[in-house]
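Number of protein chains: 2
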Amino acid sequence: MTLEPLHGDALRLLPLGGLGEIGLNMMALECDGQILIIDCGLMFPEAYMMGIDLVIPDIGALDGRTADICALVLTHGHEDHIGAIPFLLERLGNPPIYGTGLTLALLKNKLLEHRLEGRADLHRVVPRQEVELGSFRVEFFRAAHSIVDGAGLAIRTPAGLVVHTGDFKLDQTPVDGERTDLTRLAAYGEEGVLLLLADSTNVERPGITLSERVVGEAFAAILPTCTGKVIVATFSSNIHRIQQVADAACAVGRKILVNGRSMVANIAIARQLGYLAIPDDTLIDLRQMRDLPKEEVLIITTGSQGEPMSSLVRIAMDDHKQIEVDPGDTVILSSKFIPGNEKAITTLINHLYRRGAEVHYETTSEIHVSGHASQEELKLVHSLVRPRYFVPVHGEYRHLVKHAALARSMGMAEEHAVVLENGMPLLVSENGLRREERVNTGRVFIDGKGVGDVGVMELRDRSHLANHGLVVVLLALNQESGAIVYGPELFTKGFVPEEESQEFLEEAKEVVRQLLAEHSREAMTEWEELRVEVRKALRRFFNRTIQRRPLILPVVLEL
Amino acid sequence: MTLEPLHGDALRLLPLGGLGEIGLNMMALECDGQILIIDCGLMFPEAYMMGIDLVIPDIGALDGRTADICALVLTHGHEDHIGAIPFLLERLGNPPIYGTGLTLALLKNKLLEHRLEGRADLHRVVPRQEVELGSFRVEFFRAAHSIVDGAGLAIRTPAGLVVHTGDFKLDQTPVDGERTDLTRLAAYGEEGVLLLLADSTNVERPGITLSERVVGEAFAAILPTCTGKVIVATFSSNIHRIQQVADAACAVGRKILVNGRSMVANIAIARQLGYLAIPDDTLIDLRQMRDLPKEEVLIITTGSQGEPMSSLVRIAMDDHKQIEVDPGDTVILSSKFIPGNEKAITTLINHLYRRGAEVHYETTSEIHVSGHASQEELKLVHSLVRPRYFVPVHGEYRHLVKHAALARSMGMAEEHAVVLENGMPLLVSENGLRREERVNTGRVFIDGKGVGDVGVMELRDRSHLANHGLVVVLLALNQESGAIVYGPELFTKGFVPEEESQEFLEEAKEVVRQLLAEHSREAMTEWEELRVEVRKALRRFFNRTIQRRPLILPVVLEL
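Residue numbers (numbering that gives the first Met the number 0), protein chains in the order written: chain A, 0 to 558; chain B, 0 to 558.
Where hints are given, some of them may not hold.
Identical copies look the same in the list; a pair holds intra-copy or inter-copy alike.
To be verified - Calculated pairs, PhoX-like style, for lysine-lysine (alpha carbon to alpha carbon, straight line, at most 25 Å):
no.: 1; residue 1: Lys401; residue 2: Lys107
no.: 2; residue 1: Lys342; residue 2: Lys107
no.: 3; residue 1: Lys448; residue 2: Lys508
no.: 4; residue 1: Lys448; residue 2: Lys535
no.: 5; residue 1: Lys401; residue 2: Lys335
Worth flagging that the hints you see were computed from the coordinates, not collected in a lab.
Only chain A is shown next, with the shape it has when bound in the complex (with noise of 0.2 Å):
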């Protein structure tokens, strides 16, 4: 089902995305029947998720309100929360965008890659500007997270001040001295705040999240102590990270070559627009590179994750044209093992180790800290806040369920504090909160050009394909008489090794021939029933020999 217009000054709440996953983060507040999107993020697939590339969300449940949408706002340029707008911007009804100053030039370059330059309108906000959408007043207040140029969101609604803390952390010392705006946050508190929407991604962890100054200090330790060339690697978004890194080698005198695609355009565009302080003439190609003693070499990459393609792996492997590591040389991976990627990076790491190079990454040295606020700052937030009503975002449901529980703690009745999944719609108001219907989300899939056509059934027969590979059966049969005019012929992929397999596959060509002697008795009209009277014998054969269940596709023939 879809969204019913909402009318009186009740707000209304409907995740789509993000509740209950990390990423995909996308939400609407609804009041006088006028929408506001905050986000409009994108997920990387998970493991199930075989050959898909990207995951956007499912806004289905928008469709025929999109005349209604006033606004889409971001509040910092991650992936997750402005990934999807390429493949949604027109399904959205091309509404205005507002974002920061960095967050939109990132969108930019993301539109560029997908032809779309030009389409979008782009309107660039500054913290504590506040911008009239609709029947919504929307105040930008600074946030500090591993992006530069990130923000939260206070929003006055009919209904009251709605606060979104977007992704922050409460860096009290962080690299261009961009603190979240506490200030902010408690003049919301004392104007009264109707409902808390705040990140939950860091909830199960305790005390306060390190400054990002911390990793700027590891790399002035390491450094110095590095003889050979240092390769470091992280995300290309993370700009402060960059900045430290840059210093670090400038202390040192080393000499930076930036490479991996996104590394370079983010780099690019982060100096163009004043958030990276680079000196030109620290910055060398791979020509000057190659001039250079090693010693005096530093080179910043992507793939930190152990992404098969990435340059980084690509170099680990011995695979890569112009970048080789040697025994000496220091590599350090500057970012998280993202769940999921654990194996892959350590991959990465035992290959690095086989060239001689000493690694540094999260578990032996301090060359990583979170972008995410933990529970004391949580807390801190809360305490100024003092909303009316929280509802937890950005996280997993446990975090969600934790987060929950961490209000409840600092005073907040039960039922104040609300866990919610995407598609749950909750209209709030000073009366009270009520729960609608649950309305159609989830994730759309894109794989190469194709949005939203790979579906559940696909994704099933390509993960049984990968389990036990497929078996095809090919038969022509005489349509009047029956007999078998070619076959039964088998082709198999990622089952059995064919050559070595020819009397095995003989075996099973036995089994249909079988099959067809007791059917030809009888007349054969049922092609479909043949199939799967082929199929099912297959199955018993394969599974009583060696116990594997291939796909089978058997193809009948009439001639």
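We have chain A; now place chain B onto it with these hints.
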């Protein structure tokens, strides 16, 4: 190449598995032409080994030498040390097998499952017992580990004394009081040790590993706070852990339901042999459980790694016939997040929270400790044993490198600490070390009843099918005229949704028809060439239209 017999009084060390990987532990020692095998473990498949059930070592290097194998000695009963025996026993020439009581009991159970009971020649030993095995005298010494009845080995050879720690930690308060035998290690040091082989799993961890007893304290703290059912998931081989769960359950008056095939089997074995003390009247079955109030029930089960078919996952998905999780219940995952399983485990945890359960796991409570020695424990062993040479074992490549570095940091000569990988023989004698030419080793895949038939090629096809799906192109041509008798017909799996894609698939057929039209002009004899052309044309078409690369299987019939 296989192994040439070795004579003279040098010792040959040949790692067959476990060096450069976690699992698959197997090592061959040779002296005077006689071979002693240490452990024979398996490995659970990594993500890229699609559809593989188990992985065992490739022992081709021993072909033709089985007559020289004097014995197989086992350090402990974990799968990665005994799991490959049922598959390799015959091929090893069925040598006598030596191990401690529980180790052999677990092996017997395994042989039973493979219908090999009675085939193996098993010899039970106790710690500090010495056995004469060909030109080796092997003394077993106690090693505390995450399984009961673990041992290390002191092996007296013509070349000198070799000490193999097995898997161990220096737990000063083990649950069964059986500490790692530091007294014997000290004595070996006094006697003079030629070569030390030591567990490297936790070499990246500073300090010392916590005592298993800490987990018991955690259970004792958590259980009294539980009001509903309690479900504890752990490894079925961790008898100490199970003992502590049982003790904690008894202390709060909960009855215990044992669930999960391997859990039931191992608890029966351990109780029978006296390694596990659980009063009969505290064990209940499903029927008795239903008659008890839930606050008097504790269920101990498997599935702590989020294995899709495990009973805990089925419970969490509300897909288990006899057991469900209700709001207020408590689930304790008393186990490590094994690398590669993190996603499956967190998914399990999120499902349990959806059911309203409270969940305790590694990252939130101290309900698991490692069974492997950390840095300070390793240093202590090195300083007691004072070996002339050192080869790190049991670890990924980076662990071996760091363990060798740890030995050097304690004063060992650079070249006396040697990082070996599987298949790299090393000759050791008083006169020094000599590396020999690498021999063939590797991983043998088990899929269903097939041992070793599924190889790199099949895995490549499975990966291709998994990521891009399948397109079968079927064509029947008249062998004289080359005219099309049937088709082109397309059958797809996991590629595009067939119903919705009829038009698109028609275009694809048209591509094939055009190709044939051109071809048929010249005399068509080269069917193989035609197949290649068809594949090329479709690959181009699919890449251009939807940017996908399905596995294309062209089938051309001549009729």
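Against the structure, the hints come out as follows:
1. Lys401 - Lys107: neither (36 Å within a copy, 45 Å between copies)
2. Lys342 - Lys107: neither (34 Å within a copy, 33 Å between copies)
3. Lys448 - Lys508: between (39 Å within a copy, 20 Å between copies)
4. Lys448 - Lys535: Classified as between; 20 Å across copies, 36 Å inside a copy.
5. Lys401 - Lys335: Intra 22 Å, inter 22 Å, cutoff 25 Å: intra and inter.
Of the numbered hints stated above, those contradicted by the structure are hints 1 and 2, listed in ascending order.
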